[in-house]
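**Q** Below, each chain spelled out in residue letters.
4 protein chains.
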Amino acid sequence: MKLVFIQTGGTIDKEYPHTTKGWAFEFGAPAVTRILEKLNPSFEYEIVSVCKKDSLEITDHDRANIAKLINESPESKYVVTHGTDTMIETAKYLEQHVKNKIVVITGAMLPERFYNSDAAIQLGTAIATTNLVKSGIYVAMHGVVKSSSDIKRNLKTGQFF
Amino acid sequence: MKLVFIQTGGTIDKEYPHTTKGWAFEFGAPAVTRILEKLNPSFEYEIVSVCKKDSLEITDHDRANIAKLINESPESKYVVTHGTDTMIETAKYLEQHVKNKIVVITGAMLPERFYNSDAAIQLGTAIATTNLVKSGIYVAMHGVVKSSSDIKRNLKTGQFF
Amino acid sequence: MKLVFIQTGGTIDKEYPHTTKGWAFEFGAPAVTRILEKLNPSFEYEIVSVCKKDSLEITDHDRANIAKLINESPESKYVVTHGTDTMIETAKYLEQHVKNKIVVITGAMLPERFYNSDAAIQLGTAIATTNLVKSGIYVAMHGVVKSSSDIKRNLKTGQFF
Amino acid sequence: MKLVFIQTGGTIDKEYPHTTKGWAFEFGAPAVTRILEKLNPSFEYEIVSVCKKDSLEITDHDRANIAKLINESPESKYVVTHGTDTMIETAKYLEQHVKNKIVVITGAMLPERFYNSDAAIQLGTAIATTNLVKSGIYVAMHGVVKSSSDIKRNLKTGQFF
Numbered sequence: 001m002k003l004v005f006i007q008t009g010g011t012i013d014k015e016y017p018h019t020t021k022g023w024a025f026e027f028g029a030p031a032v033t034r035i036l037e038k039l040n041p042s043f044e045y046e047i048v049s050v051c052k053k054d055s056l057e058i059t060d061h062d063r064a065n066i067a068k069l070i071n072e073s074p075e076s077k078y079v080v081t082h083g084t085d086t087m088i089e090t091a092k093y094l095e096q097h098v099k100n101k102i103v104v105i106t107g108a109m110l111p112e113r114f115y116n117s118d119a120a121i122q123l124g125t126a127i128a129t130t131n132l133v134k135s136g137i138y139v140a141m142h143g144v145v146k147s148s149s150d151i152k153r154n155l156k157t158g159q160f161f
Numbered sequence: 001m002k003l004v005f006i007q008t009g010g011t012i013d014k015e016y017p018h019t020t021k022g023w024a025f026e027f028g029a030p031a032v033t034r035i036l037e038k039l040n041p042s043f044e045y046e047i048v049s050v051c052k053k054d055s056l057e058i059t060d061h062d063r064a065n066i067a068k069l070i071n072e073s074p075e076s077k078y079v080v081t082h083g084t085d086t087m088i089e090t091a092k093y094l095e096q097h098v099k100n101k102i103v104v105i106t107g108a109m110l111p112e113r114f115y116n117s118d119a120a121i122q123l124g125t126a127i128a129t130t131n132l133v134k135s136g137i138y139v140a141m142h143g144v145v146k147s148s149s150d151i152k153r154n155l156k157t158g159q160f161f
Numbered sequence: 001m002k003l004v005f006i007q008t009g010g011t012i013d014k015e016y017p018h019t020t021k022g023w024a025f026e027f028g029a030p031a032v033t034r035i036l037e038k039l040n041p042s043f044e045y046e047i048v049s050v051c052k053k054d055s056l057e058i059t060d061h062d063r064a065n066i067a068k069l070i071n072e073s074p075e076s077k078y079v080v081t082h083g084t085d086t087m088i089e090t091a092k093y094l095e096q097h098v099k100n101k102i103v104v105i106t107g108a109m110l111p112e113r114f115y116n117s118d119a120a121i122q123l124g125t126a127i128a129t130t131n132l133v134k135s136g137i138y139v140a141m142h143g144v145v146k147s148s149s150d151i152k153r154n155l156k157t158g159q160f161f
Numbered sequence: 001m002k003l004v005f006i007q008t009g010g011t012i013d014k015e016y017p018h019t020t021k022g023w024a025f026e027f028g029a030p031a032v033t034r035i036l037e038k039l040n041p042s043f044e045y046e047i048v049s050v051c052k053k054d055s056l057e058i059t060d061h062d063r064a065n066i067a068k069l070i071n072e073s074p075e076s077k078y079v080v081t082h083g084t085d086t087m088i089e090t091a092k093y094l095e096q097h098v099k100n101k102i103v104v105i106t107g108a109m110l111p112e113r114f115y116n117s118d119a120a121i122q123l124g125t126a127i128a129t130t131n132l133v134k135s136g137i138y139v140a141m142h143g144v145v146k147s148s149s150d151i152k153r154n155l156k157t158g159q160f161f
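Residue numbers (UniProt numbering), protein chains in the order written: chain E, 1 to 161; chain U, 1 to 161; chain B, 1 to 161; chain Y, 1 to 161.
Any given hint could turn out to be false.
Chain copies aren't distinguished; within one or between two, either way the pair holds.
Pairs of lysine-lysine residues, derived as DSS-like cross-links and limited to a Cα-Cα distance of at most 30 Å, are as follows [claimed, not checked]:
(1) Lys38 x Lys2
(2) Lys38 x Lys99
(3) Lys156 x Lys68
(4) Lys156 x Lys38
(5) Lys156 x Lys101
(6) Lys156 x Lys99
(7) Lys99 x Lys68
(8) Lys156 x Lys2
(9) Lys152 x Lys2
(10) Lys156 x Lys53
(11) Lys53 x Lys101
(12) Lys156 x Lys92
Since the hints were derived computationally from the structure, they do not count as laboratory data.
I would like the entire structure built from these sequences, with the hints used as guidance.
**A** Structure (structure tokens):
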């Protein structure tokens with residue numbers, strides 16, 4: 001099994017600003033790298049970066065870049081890390097533009113850099129999903145795995161279901 | 001969806017000894033509790049404890065207790081946390097003694113208490129598996145999900161595959 | 001020995017925003033509480049909050065509130081957690097306005113919520129200082145302890161010395 | 001300022017066994033290295049290892065090696081990390097055998113590898129002490145700093161005072 005992890009930004013990859021006097025987060029290297037070091041996985045993988053953005057700033061141009069990367073790659077299994085605010089929009093976009101591939105989108109409510117982050121467990125659910133589903137676009141969040149057409153979000157609690 | 005998490009002991013639940021002058025680890029409360037607090041899952045769950053043992057000390061009597069708990073419970077989906085040394089033996093035992101239930105066994109190479117632990121990501125793979133498989137006994141470790149008859153372990157690296 | 005910990009905000013207490021669609025950090029409850037739980041100290045203490053601000057926004061009005069709290073309290077030993085950008089200014093202000101008390105100012109380069117944070121070790125240096133100095137205003141940062149008149153900062157590296 | 005950190009073993013440096021089927025902890029590389037990476041200290045330092053032992057197994061031969069290393073080194077400031085069970089015995093031994101040096105002994109109740117460890121904050125107290133004391137042997141634990149003749153331990157709670 002070989003997995004391709006695609007970084008797009010989002011909370012999972014947020015770092016503290018390196019500049020002094022900074023207020024906002026900055027995006028760092030893919031948190032996936034650090035999580036997979038802990039897992040010591042028995043599958044092969046590579047990690048690529050398409051963009052480093054808060055998901056409110058992800059555009060259809062970025063989504064087209066994700067689809068292009070997947071469609072032009074020989075691999076069949078992808079995990080996309082993504083901000084939660086527009087995760088469902090990206091899932092629906094990929095549903096239209098990617099065929100015959102397994103794509104699982106996940107993310108985190110707290111940056112991986114936080115010791116109380118959910119990043120590792122969320123990524124675990126995405127990885128397992130690539131083992132078990134046929135082609136299609138899935139979201140794996142908060143312990144549930146749903147297709148891009150079935151996934152919903154409770155905007156009050158932030159939970160996907 | 002409702003999940004039942006079953007504690008049996010194993011590395012994932014090892015704590016530092018409370019006694020002074022202690023050398024060996026002790027088993028604590030289920031690490032699953034702390035991991036699920038981070039995840040804030042959108043599924044219902046309960047956590048039960050069958051035993052707190054290093055998996056080298058798990059006996060068929062313990063395995064019978066796990067099977068009994070699952071067979072007599074009304075729920076259909078179970079995640080068993082277990083030490084790695086005899087995880088495959090327990091999977092094969094449950095294959096013989098549990099029917100028409102989803103059971104996923106997982107564990108960790110480092111205690112959840114370690115900041116570099118793999119526990120959260122391994123548990124994530126087990127949780128996702130319960131979303132996607134039909135009835136049967138599965139092992140979810142090191143990013144791969146296999147049925148009890150297909151799972152193998154590389155004893156040199158410790159990795160399941 | 002009794003210590004009074006005074007929260008003013010700063011990087012050490014920054015939390016991820018609870019609101020969705022948020023970019024900037026928010027200030028949470030004092031990180032000192034969580035650090036002292038780990039230490040299980042053999043001294044008595046209390047934790048009070050004067051303000052929750054980025055140190056660039058600390059005003060002389062806030063500094064007067066800190067001085068007033070210290071001057072009007074019966075205790076003799078204080079640890080003030082503070083943002084790094086104006087830590088030295090606050091130290092010099094307190095030098096002018098607080099007499100016959102031990103006051104040690106510290107903070108962190110990364111929020112205590114980050115697993116790679118320096119918060120715990122920086123706080124440790126401040127606590128030890130209250131054991132050993134006579135009255136005066138001190139800064140304890142990056143492993144060095146200096147009086148308010150001797151402490152300097154390398155603005156390129158961010159290190160106090 | 002230059003500090004020499006001396007590893008002797010103890011809880012602070014305990015790691016999970018690398019061997020499969022292991023019960024007891026093993027001693028790893030000095031935890032001080034990882035803690036100082038977080039601190040990014042503005043002092044110079046080196047880290048040396050005298051032994052890697054549970055403190056119940058530290059002998060006067062080991063203590064003589066620590067004293068020899070300190071007495072024969074040109075540096076004046078030392079932090080010794082040590083198991084807690086015989087920390088006071090080692091402090092009293094060094095009191096007899098080391099003159100005109102600053103030596104501060106510290107350790108931890110939980111291994112530095114645990115996310116709820118006290119190691120970083122304890123080490124912080126030892127580092128600050130080397131800034132502030134005249135020559136002598138000190139123990140810095142649980143937030144208090146005492147000379148080798150004044151330090152005591154509550155064997156019920158484990159706390160030094």
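**Q** Work down the list of hints and note, for each, if the structure agrees.
**A** Hint check:
Taking the closest pair of Cα atoms, Lys38 and Lys2 come within 30 Å of each other both inside a single copy (18 Å) and across two copies (28 Å). For a Cα distance limit of 30 Å, the shortest separation of Lys38 from Lys99 qualifies neither inside one copy, at 32 Å, nor across copies, at 34 Å. Taking CA atoms no more than 30 Å apart as the test, Lys156 paired with Lys68 passes in neither setting, with 34 Å inside one copy and 40 Å between copies. Only between protomers do Lys156 and Lys38 lie at most 30 Å apart by alpha-carbon distance; the minimum there is 18 Å, versus 32 Å within a single protomer.
Taking identical chains as interchangeable, the C-alpha atoms of Lys156 and Lys101 are never at most 30 Å apart, the minima being 32 Å within one chain and 34 Å between chains. Within a single copy, Lys156 and Lys99 get their C-alpha atoms no closer than 33 Å, and across copies no closer than 39 Å, so neither meets the 30 Å cut-off. When the C-alpha separation of Lys99 and Lys68 is checked against a cutoff of 30 Å, the pair qualifies only within one copy, where the shortest distance is 11 Å, while the shortest distance between copies is 44 Å. Taking the closest pair of Cα atoms, Lys156 and Lys2 come within 30 Å of each other only across two copies (22 Å); inside a single copy the shortest separation is 37 Å, beyond that limit.
Proximity of Lys152 to Lys2 under the C-alpha cut-off of 30 Å is found in both arrangements, the shortest distances being 29 Å within a copy and 18 Å between copies. In this assembly of identical chains, Lys156 and Lys53 lie within 30 Å of each other by CA distance both inside one copy and across copies; the values are 23 Å within and 27 Å between. Within a single copy, Lys53 and Lys101 get their C-alpha atoms as close as 24 Å, which meets the 30 Å cut-off; across copies the closest is 42 Å, which misses it. For the identical chains of this complex, Lys156 and Lys92 are intra-copy neighbours only, at 22 Å inside a copy versus 43 Å across copies, given an alpha-carbon limit of 30 Å.
In terms of the numbered hints stated before, the structure departs from hints 2, 3, 5, 6, listed from lowest to highest.
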